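Colleague: Residue numbers (the UniProt record's numbering), protein chains in the order written: chain A, 1 to 679; chain B, 1 to 679.
Just so you know, nobody snuck in bad clues.
No distinction is drawn between identical chains; accordingly, a pair holds when it is met within one copy or between any pair of copies.
Derived lysine-lysine pairs resembling DSS-like cross-links, with alpha carbons at most 25 Å apart:
(1) 162 <-> 121
(2) 454 <-> 593
(3) 562 <-> 449
No wet-lab data here; the hints were simulated from the structure.
Quick caveat: nothing in here was measured; it's all calculated off a predicted structure.
Protein chains: 2
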Amino acid sequence: MTARLAAASALVSLASAPALADEGMWTLDNFPAEKVKEDYGWAPDQAWLDKVQAGAVRLTGGCSASFVSSSGLILTNHHCIATCLYDNSNDQSDYLLNGFVADRRENELMCPGQQAEVVTKITDVTGDVKAAFAGLAGDALTKARDAKIAEIESANCTDKAKTRCQVVTLFGGGQYKLYQYRKYSDVRLAWAPEDRAATFGGDPDNFNFPRYSMDASFLRAYENGKPVSTPNHLRWNPRAPIDGEMTFVVGNPGSTSRLYTQSQLAFEREVRLPMILATYSELRGRLIRAMEESPEHEREGLDMLGGIENSLKVYIGRVKALNDPAFTAKLAEAEAALKAETAGNDEIGDPWADVEEAVDAYRALYYPSRFTSPTGTLYGYAQTLVYAAQEREKPNAERLRGFTESALPLTEKRLTDAKPVYPWLDEMTMSWSLSKAREYLGVDDEDSKLLLGKESPEQLAERLVNGTKLADPAVRKALWDGGLAAIEASEDPMIQYALKLAPRQRELDEQTNELYSGPLAAAGAKLADARFAAYGDSLYPDATFTLRISYGQVKGWTERGKEVPTTTTMGGTFERATGNAPFDLAPGFVKAKDQIDMDAVYDFVTTNDIIGGNSGSPVIDRNGTVIGAAFDGNINSLGGNYGYDGSINRTVVVSTEAVQEALEKIYPAPALVKELAAK
Amino acid sequence: MTARLAAASALVSLASAPALADEGMWTLDNFPAEKVKEDYGWAPDQAWLDKVQAGAVRLTGGCSASFVSSSGLILTNHHCIATCLYDNSNDQSDYLLNGFVADRRENELMCPGQQAEVVTKITDVTGDVKAAFAGLAGDALTKARDAKIAEIESANCTDKAKTRCQVVTLFGGGQYKLYQYRKYSDVRLAWAPEDRAATFGGDPDNFNFPRYSMDASFLRAYENGKPVSTPNHLRWNPRAPIDGEMTFVVGNPGSTSRLYTQSQLAFEREVRLPMILATYSELRGRLIRAMEESPEHEREGLDMLGGIENSLKVYIGRVKALNDPAFTAKLAEAEAALKAETAGNDEIGDPWADVEEAVDAYRALYYPSRFTSPTGTLYGYAQTLVYAAQEREKPNAERLRGFTESALPLTEKRLTDAKPVYPWLDEMTMSWSLSKAREYLGVDDEDSKLLLGKESPEQLAERLVNGTKLADPAVRKALWDGGLAAIEASEDPMIQYALKLAPRQRELDEQTNELYSGPLAAAGAKLADARFAAYGDSLYPDATFTLRISYGQVKGWTERGKEVPTTTTMGGTFERATGNAPFDLAPGFVKAKDQIDMDAVYDFVTTNDIIGGNSGSPVIDRNGTVIGAAFDGNINSLGGNYGYDGSINRTVVVSTEAVQEALEKIYPAPALVKELAAK
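Please construct the entire structure, taking both the sequences and the accompanying hints into account.
Modeller: Next comes the structure, spelled out in structure tokens:
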């Protein structure tokens, strides 16, 4: 599961024009200080921004976070570490259900696949990368670009144990920037509330407000078995927010499509979103029913269901946004305005037409590309093993993105970290994805035949899942270490299946590069040039799961004529409870009822512009202290993938005041309270 | 389940302009003989049409059919009577799985809820109905219109045992016609192949061709315990179709929206279809998983799954059509052309604007209207009982449509016919629909609160389904007979729940009439006048599940550059079989393999314009003899709800030659063979 966050809708901004008030996921090297000062009378200076950057954490699980003590303590959301609770649970101890408080540091729980990263340096490498593919097109362009990126990353991060380098594509190819990170690959869980406290209201309340959710938790970064020292942490400030005060959200918004052209939006609306809506809704249904079959299924399926329902709500919101004529008209106007600004500029030409041609070509590649990689944890392991073995035979510059020297350590960590696999869940998922492949590709399609042979989706999934040994991390490690020889000699049916599919997947990748990604990279650079020429640097790039800052204020909104309040209180959750899931109170809340300060602010909303990936981001006041953790957007923000509307888009935050209440009274953790209070 | 049929897509006709070649679902009193003669050199005369009308049968289950012997024998599709097989099955004898051949007439199986109807007279009552609501608007208009319709129906069908009257609204309110039927309310099953033979290829092959499906069966109409005499039957002609020969499909297409205005299409695309796609896909997933839980669930869920998957494929096709800019551009052009023709005509004014206003108002009513009537067989019984009791207290003219004197007999039959109810299935369906209600209406919505109170969807569904006695037909009959007093005194929780919801449902109905249906009826009449003024009578009305004829020819098509053949052979099914569901051969086919004529034509395609409801329609040659039963449309025809494209839309038919093979060699029924051969 990546995150619960999203941002933007109806009075949408002009996507490629200068940002509206409070709009923007700004890179920390291009903060719009002047504009902010104009709007708010105050803006952070570079020292303030540097300090915040040093305390901001990216979690490779797909979330954001922040250091909040000098001993590596990390604040993030509960839903960002739910998988860690789930991976550490079993029939005897269900940490997801019951929450977790480490009685001492030695008992903090390892989180498989999780890694914490802090940006240490940002360097512009646009010139180098663009020069590498100048004059090239299609697949040749993407190969030359990726080779240069691999070279830059490799040269700048020689200490692979502690650093990570990533070249990030901004403005769809207008800029390339090298992000260097200090990384911490041993991350453990220190504190988490009960799942019922974090997910009170469940899917029905997700993306809604008023809200009553303790969506917070604490991790800790380790190195050599010891907590790391983090003197540059942010300061924990357990106070209530003040209506109208300025707030900054610093985190890693995952992905937005605000710079999409009309033809890209059409593809989303016409092809991609309807398919996702139908197929994921079916998976949701299969899983809901399966979880009713037994308490084990209920527990083992919970994490996946949360992820599916969250994603579906996001996609339903996107469908709604792209089916809203007022919303899409604004996007069309923005494109028309940029075209008008660019008219007659021969250097820019007509990149919109190039994008349209690429999108048209992609229409024939999309279903095959999507469906020839079946879904499932075990198949995913097999595919990674097969690709890694094949790619590692090549020089660094020729490898696929996830397998370059700079990317391999995280890929290996994710593959080999021990985590439970539930065969019934994998069989269900794989059977679903194979049957959807046949449905969307057609029975007589060659890719369908490659995927299924004479077997049914159900039979094939059962045979592969029951026959594979890849659930065992030692088996995965041995195959990883054994390289291509071990993979090719393997009799594991899942490995053999992944080997069988790989050539076709690679062929589709190449076609996609040739006809779609390559042309898009070239056109993207031109579109970015057009924007820079028209609007200067008053622009922010689409989200790329890299560090951004958004500014705004604590503020409610008006929904269908009714004022929505800015905050909820701890007492409100007792009033909303019905006794029935998902509106049943967490037992810890019931038990601590008499101690809890009913007037303490629980959750609150701000105008910050965020999206999925921002989950867990610290919400910071003017003084740079943490007053909450962002965990959601409101329902109006679901079109935020395409555009932002400050009048109704809101970020939903759990307040530090509420978390402090929980730390002191509901899930007591006196050591953490003390640690957070230290200067 | 209603039907597998649909029709129309890309080179779509101008919806409100004169029909293209082979387009049209024509009423039998307005057949375009001149145009057909021009295109084909021959056209049927009125005597031919009258003969065909006399042999054409409507099945109240939602299908079409035809009399094919003088002793009441009826040809229709297997999927039209699958529910009858299902209702007659149990753990001991699974007729759906094994098929059914009555060894003698006394053993033919009763089909609950099924009724056969033959049109005997069509009368234009447009003047009467329009006069009744002249000068009225909104809810008052719909009330006056419905009162007049009830009066006409009641006055013209005094023999309620043998006749049925229905006033049908054509051209969205341009015409009102009284259809009188001879009805046969005792319908029994004589012959059906194995489910695997009818549904070979399952959902993957549904709406596709080449096809290998024995989607045929025979019913028989009874009266007073004896087969009825049907001298005006059509003649059974067990021969192969000839490439290019003319074909006529006579049946009851259920519903099309080809006369929709742009604002109605926008509502479909923006609101209705995405919701249906997501919610029904989830139900599909729940049911797929539930059916894997046990052989009983597998058997008991099969019929519903077939219906859901069929509907979903139709809706996915509609989404695709309305997301195809080429397709929708044609529809927009057609509207623009009609507007241009009408410009300056003050009598017509701007009905498009009236429709848009009505649709805008409906946006706020749609979710509440849809979700305040939960889904489920048992809840459906309760709702019918409550409404019937309340409506029967009123004079005929003031009752809701399904409860007028003319409609009550079928309503009562459907309610009281014995058929199995599977509580797990009803609980699943109801729990699903209540949870979707909360999702789409929102937790804090008043209708959500009315539906759920403090209970969860799962709890409420369990309590109502486990507590109700309505699965027992005797209980339903007693409550029906007991009227309002019995209903209000009932302690059945499902009845109490239906009573609780009824006032809000009625309020929403009235608001819908006032703001949507009433304005649409008035605007529809004007739009029809505009069409008649511009194009004369060279028009066919949208489908209304009343008798229509479509003409065309036996003809393949070109799909992505490849010729699709016109026919398949019995031998082809053996080649396509993989041994795995849904491509596993029916055991009967395996057993009879050496006897079957491998070159016999199995299924074939024609250019006829049909849609769901046409399932089971006789496919008739120039001589008026039956050469097949239509059972499907091809994949391109799924946009047929909105428009027809003769170049790629096809009707899929099971040939009489194949059915004859089955009757003689696979599922031998010598008595039927003899009966069909008789003159």
